[in-house]
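Engineer: Residue numbers (this note's numbering), protein chains in the order written: chain A, 1 to 379; chain B, 1 to 379; chain C, 1 to 379; chain D, 1 to 379.
Rather than coming from a laboratory, the hints here were simulated on the basis of the structure. Think of the CB as a built atom: it goes at the ideal place given N, C-alpha and C, for glycine as much as any other residue. Please note that the accuracy of each hint is not assured.
Per label pair, the in silico range of CB-to-CB distance [said to hold, decoys possible]:
#1 B/Gln189 to A/Pro86: 54 to 64 Å
#2 C/Asp372 to B/Gly15: 43 to 53 Å
#3 A/Arg65 to B/Arg152: 53 to 63 Å
Selected chain C positions facing chain A (in silico; Cβ < 7 Å) [unchecked claim]:
#4 Glu115
#5 Arg291
#6 Thr292
Number of protein chains: 4
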Amino acid sequence: MAGKLNWGIVGGGEGSQIGPAHRLGAQADGHFAFVAGALDADPEKGRAYAQSLGVAEDRAYGDWREMLAGEQAREDRIDLVTVATPNATHFEITKAFLEAGFHVLCEKPMTMTVEEGEEIVRVAEKSGRICAVNYCYSAYPMVRHMRAMVARGDLGKIRLVVASFSHGHHADARDQDNPRVRWRYDPAQAGVSGQMADCGIHALHLASFILGDEVARLSADFASCVPGRELEDDAMVNLRFEGGAVGRLWTSTIAIGRQHGLDIQIYGEEGGLRWAQEQPNQVYHQTLGGRTEIIEKGEAGISEDAARLSRVVIGSPEGFPLAVANIYVDLAQAIHGGGADGLYPKAVDGLRSMAAVHAAVGSAKDGGAWVDARPPMLR
Amino acid sequence: MAGKLNWGIVGGGEGSQIGPAHRLGAQADGHFAFVAGALDADPEKGRAYAQSLGVAEDRAYGDWREMLAGEQAREDRIDLVTVATPNATHFEITKAFLEAGFHVLCEKPMTMTVEEGEEIVRVAEKSGRICAVNYCYSAYPMVRHMRAMVARGDLGKIRLVVASFSHGHHADARDQDNPRVRWRYDPAQAGVSGQMADCGIHALHLASFILGDEVARLSADFASCVPGRELEDDAMVNLRFEGGAVGRLWTSTIAIGRQHGLDIQIYGEEGGLRWAQEQPNQVYHQTLGGRTEIIEKGEAGISEDAARLSRVVIGSPEGFPLAVANIYVDLAQAIHGGGADGLYPKAVDGLRSMAAVHAAVGSAKDGGAWVDARPPMLR
Amino acid sequence: MAGKLNWGIVGGGEGSQIGPAHRLGAQADGHFAFVAGALDADPEKGRAYAQSLGVAEDRAYGDWREMLAGEQAREDRIDLVTVATPNATHFEITKAFLEAGFHVLCEKPMTMTVEEGEEIVRVAEKSGRICAVNYCYSAYPMVRHMRAMVARGDLGKIRLVVASFSHGHHADARDQDNPRVRWRYDPAQAGVSGQMADCGIHALHLASFILGDEVARLSADFASCVPGRELEDDAMVNLRFEGGAVGRLWTSTIAIGRQHGLDIQIYGEEGGLRWAQEQPNQVYHQTLGGRTEIIEKGEAGISEDAARLSRVVIGSPEGFPLAVANIYVDLAQAIHGGGADGLYPKAVDGLRSMAAVHAAVGSAKDGGAWVDARPPMLR
Amino acid sequence: MAGKLNWGIVGGGEGSQIGPAHRLGAQADGHFAFVAGALDADPEKGRAYAQSLGVAEDRAYGDWREMLAGEQAREDRIDLVTVATPNATHFEITKAFLEAGFHVLCEKPMTMTVEEGEEIVRVAEKSGRICAVNYCYSAYPMVRHMRAMVARGDLGKIRLVVASFSHGHHADARDQDNPRVRWRYDPAQAGVSGQMADCGIHALHLASFILGDEVARLSADFASCVPGRELEDDAMVNLRFEGGAVGRLWTSTIAIGRQHGLDIQIYGEEGGLRWAQEQPNQVYHQTLGGRTEIIEKGEAGISEDAARLSRVVIGSPEGFPLAVANIYVDLAQAIHGGGADGLYPKAVDGLRSMAAVHAAVGSAKDGGAWVDARPPMLR
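Looking at chain A on its own, in the form it has when it is part of the complex (with noise of 0.2 Å):
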C-alpha cells in the first residue's frame, strides 16, 4: 500500500480503555497518522492529551464539531475518523462525518434504536463513504479462515451454530453502587438491553460474519440474576438463519470463573470448528468421520484471508489489539482501492445486530415467542 493515511479520533480520552486499543490499531503497522482527535467531553483535556500523544496543536480539538469543521477546511483533511465516544452520541457523529464526506469506524453499537441503523445505513449508501464498525473479533486471523472455510463449502451446508460471549465480571451484587457496573444494567443509560446489547452483539455479529448468513427469527430467555437489576445479566436466544441454519447462543456477566468468555461452534454437514477468543491462534477442526485436527495461524496453506492479517510465524501468538488492528489494514485496503470492498463489518451489519438485539428484547418480554429479527428495511 503507498502512503500513510490521516486519521483522527473523537473520543478515547485519558483513561478510557478503547482509545488506547484504537491508537495502536491505527498506529501498529504504519498505515495511519495520528494526526487529529477531539478526545475528550472536557475540550481542555482533550486538547492536552492529544497534543501529549503528539497531535499536532491545531488539530486537538475541544469537540467533535469543531473538528470536523477544522478537518473539512484542510486540504490534508484526515481519511479516517474513529468515533469512540459513548454509546447515545455514536448516531450523531457518525452521521455527521459521513455527511461530510468523511470514511468512519463507528464503536460498537452504531446506534441505540433501529430507526437510527437504517437512517446510519441510508446515509452512508448515499455519501458513498465508508462506515464501518468495530466487530473487531471478525478480523482475527482465524476467524477469518473459519468464515473462508464456510464459504469453500469445507463443511458443507451449515447446520448449527453455537456461540457464547459470558464472563463473570459483573457477578458480584456489592457492585450495585459501582458505577462502571451500575449504568449498565439501567434502562436510561444502557437503552433496551444490558449483556445482550453489550456483549451478545459480538456473538451474534460473529456467528453471521462465519457463516455468511443473517439472522431471519429468534426466540429469546434473559434474566436478571443478580437481585436490583432492571436489565439482562444472562441471556440465551435461540435463532434461526436465513439459509435454514440454527443458532444457539448465550451471553452471560456472572458466570465466575469465564474471563473474556467469546468462544463460538460451528456444525455442517461435513464437518466442525470449534474457536475460543482466549487462544485466538488455533482453530479445532473435525470432518465428518475423521479426526479433531488443529488448525494454526501461520500454517503453510491458510487461507489468504487469514494469511494477510498474521505478521508472525506460526506458533508465536498474535491477540486482541491486533485484531483491532487488522480493521484498520481492512481500511487502508479500502481507503486506498478508492472503494467500500472488504471484510471489515458495515453499516448495514451494525444495523442488523442492532436489531437482532431488539427482537430478543420483544421475544424475551413476551415469553420467548419467536420473532422477525430483522430491520424492517431489510424484511
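Keeping the supplied structure of chain A fixed, place chains B, C and D upon it in accordance with the hints.
Structural biologist: Structure of chains B, C and D alone, referenced to chain A:
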C-alpha cells in the same frame, strides 16, 4: 462392608455395550458376585452366554420371568437385579422385581411415560426396596464433590447452571438406513423424544443432582438438523429451578468434533465451577474476585463424598466404567445398611427427569412456551 | 476366553494402595477369581483380611511360604500369583513361585540388583512360566496404539524420545521425618537410587516399549534438591537407543504443581506423538508438514492392540485402574493360550530397566560420563 | 512519557520477518517515530523501501555507515537504533553506533564469539549508552510477573528450572538443500552451534531472567538427528546456577507437532510455576500443599511489572508482537529517564548467554563434561 452380595442382570447380552459396563461395575470392587442372569431376548443364547461368564447352569435363565420365579424360590436369592433391557420394557420388569421384593437398578430412561414413572415411584415406596436409576455420571467423585460444595454453600446461592451433552456421532445424513442410528429418531421406537430423552436427560439429572434442586418450569427449542428425522437431534432448553436458579441445557448429536460432550458449569453468588466428563478428575473453581483453581480428585481435604469413591492417588485418572462401579458401591452400602439412603439416583429422579423431557417436547411443539416441568404427583 | 482363572496375591494388605489396584485389576473384567492370598507381614492380620475379602479360610495364608506350599498341594491351585510386597522381597518370592511352576506378576522394581534380575530372567526361562512385571502404564490402550504406530512405520525411523515422570509430592522439606517419604531417599531402605528407581524406571520402560527398542548407553545428572537427602529427588538422563534414537528423560519429586507427571513425546522422520498419563485417552499426532490431530481411544479404525483393551465408547474415559486390569487381560489370554506371548512387560524388561537405573547412578557419580546401560547378560 | 522519540533501523528489509516486528514494536504504542533506516544490503532497494514506509529521502540510507554518519550530523538524530542484520555483522555495527553515542537495540545473538561479547560490554559501559539485546520473550507481562514472584519470594528458594524451546520446523530431511534451513547447520555460516545458539539461547536467557540468577556450570548432550547436519538440531543441557538451582534445558528443531515450543517451569521450596509462550497470558501456579491456580494477565493485583506492559483487559490476549513492543516501552522509559535502568535485556545478558552456548558446545564435544558457563570477564 461385610460379605459379598449376590447380583443378577436382565439384558446386557453378547455384543451389548451396557452389559460389560454393568458386569465390570458390579464386580470391580468385589462387592457383588455375578450369580444370575437372563441376558438375551433369545433364551438359548442368553443361557449359554451367562454360563460362559461363570453363572451356574440353574441360574442362567431364559427370560426375566423365569429368573424372577427362580430367584424368588432360592434361599441365596440375588440381593440386587440390574435391568438393562430395551427402554420400552424397563417399566414392566422393574415393577415386577420390586413387587417381588428385590432391590433394582434400572437403566435410564426408567419408563417411557410419566404415568409409568409415577407408578414405579409408588411401587418402590410401597415395597420398601431400593429402586435406583443408572444416571451414572452423577457418581463420578468430582461430581459428588461439586454437589458437596454447593450443599455446604461454597458458591453461595446458585444463580445459573449451564449444561450440555452434545456429540457428533449421529451427524451423518447417510445413516438414514443405519439401524443403530435410525430407531433413535423414529417415534414408533424411541417415543416422544430423540436426543433429549437419550442424552439431554443425563444433563438434566446432573444439574438437579449437583444443585440439590429440581426443575420447576422450562421452555424448549427442538431442531431436526438432519433431513428426514421426525424427532429432534438438537435441542436447547431453558430452565427455572424451584430455588430460583436459571438453567441452560443444550444437547445435540450433530456437533461433529465433540466426542462425548457432557459438561456442566455452575454459577453462584460467590463462585463458579466447571467440569467435563471427558476429563472427569478435575474441577475448575473460581471464587468471586479470586483466581481459577483446579480441584483434583484425590487431593488432600477433598470432600468425603468424593474421597470414598476414588481408588487411586491424585493425578491417576479414573474413568467412566468406575463411575458405573460407584453406583454399585453406593448400592452395596445401602443394601448392607438395610435402608435406602445414599446419593445414588432413585425412582423419583427417574420420574422427574422423564417428566421434564415430556414437558420439553410439549414446549417445543408450542413455540417455546414456558411449561411446568414437574410430574403431576409432585406438583 | 473360556473359564475363570484362579488368582492369588502376596502382599497388598489392609491400607495398602497397591492391593486394591491389583484386586480390581484381576476381577474387573471377570477373568480371574480371587481365591488365595498371604496379604500381610502379620500372619493373623493377613488371614483375617483375606477372609473379609471372600477368600476361603484354608487359602487365607499367613505368609508366602505357607501359600506356596498350600497352593502347590491343590488340584485347583492358583493360575497366577501377584507379588506386591516390599521391594527388597520381590526377588526371593518371585523366584520361588516360578520355580514351583506358578505364573507370576511381580510389582516393580522386579529386583534390587542387576544380578538378581539376571537370575530371575534365567529362572523364568527355565521354568517356562510367565514372569510379568507391572509396568502398567504400558497397558493403556493409547500407549499400545502408539507402539503399533511406531511398529508399522507411521513415524518413519525414530529419532528422538522425550519422557518425564515428574511430580511434586515430595517437595516439602518438612517431610524429613515423615516415614512415608523418608525411606525413599535412604540408601539403606531404597537401595542405590531414589526417584529414578521409583518413577523414572516407568518412563524408561515406556520409552523402550513404545519404540520397540532398547537403551544402549546413557549419561545422567542427579540432584538432591531437598537438603538432607542422600538419594536423588531429581534426575535428567540422556539416552541412546540401540537403533540410534536419542532419548531425554526427566524425573522429579519436587515439581510442585505437577500431579502424576508421566508423559512422553516420540519424534520420527515422518511424524511426532505426544501423550500424557493424566489424560490417557488421547494421543496428539502430527505428520511431517501436516496438522496436529487428536487420536481418540475408541475411535473407528484404532489399532487392534488398542481396541482390545478398551471397554467403553469414544469420549468415555478409562483410567489407571483399568490399565492395571489390562495387564491382567493380557495375562489371562497368555495363560489360556498356553504360551507366554503378549505385550505385557516381562522379566527381561524388568531386568533391562533396573540395569539402566544402576547405570544412571554410576554415570551421575562419574560427572555424567556415558556408560553402557545394558545388563551384562544382554550385552 | 513526554514526546515521541526518533528511531531508526539497520536491516529488516523487504521480505524479512524481523523488520516488521521491530517496526510494529517501535510504533505500536506511539513512543517512537520511524525516521531513519538502512534497510537492505542492496543500497538502492534499502533506500526505496525505507521511503515507501514513510522515511524521508535524506534519512533513507544506503548502508549503516552512511546512516551513522548522517544521523551523527543531525540535530534531530535518532534516539535509538535497532540492529537487525545478519548475525555475523551485529558486533561491528553495534559497536560503532555505541561508540558514536547512540542507544542500540541489537538482535540476538549479540555477537558470534565470547570475546566480541566482552568487547561490547566494555564499549557499552564506557559509552554510557543503552545496549539492549532483543530477548523479547522476557518482556511478556506474565514473564515479568513470574520474575516478580520469584524476586519477592513467593516460591521460596528456587531449586529447579526446566525450560524448553523445541519445535519441529526443521525436521524434514529433504530440506538439505533448502537455503532457509541449510545455513543453520553449516558451521561456516552459523558458527559453533545450530539450534542451541538459535533458540536454546532464548530459553537460557529466560531462565536466568526469571530466576534473577546466572548459570555457573553446565553439561551438554548434542545430537544431529537429521543425517548430514554438522551442527546440532537437538540438545539437552543440564545447568547449575550460581545460587545453587538446578536447570534442565531442552531445545530441538525436529519435534514434529510442536509449533513454537518455548516453555518454562520454575520450582522452589514453596511453590511452582509453569508458562508456555503459545498461551502467554496465563501462568499456572501452585503453592506447596495447595491447588494449581491460573494467574491471568490483567487480573486485579497483578505485579506492577506485568501491569505496565499490558494494554487490554483480562481474558483479552496479547501476543508476540506486543512482547517486542514491550522492549521498546522499556527503552523509551530508559531513554526518557536518562539512565539505563529497566528490566530489558542488556549487553551483559547477551554476553552471558553466548558464553553459555559456547560452553555447551565444548561440553557436548567432551562427552558431557561439566564446564564453566561464564564468560572469562565475569568469573
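Engineer: Sort out which numbered hints this structure fails and list those numbers smallest first.
Structural biologist: 4
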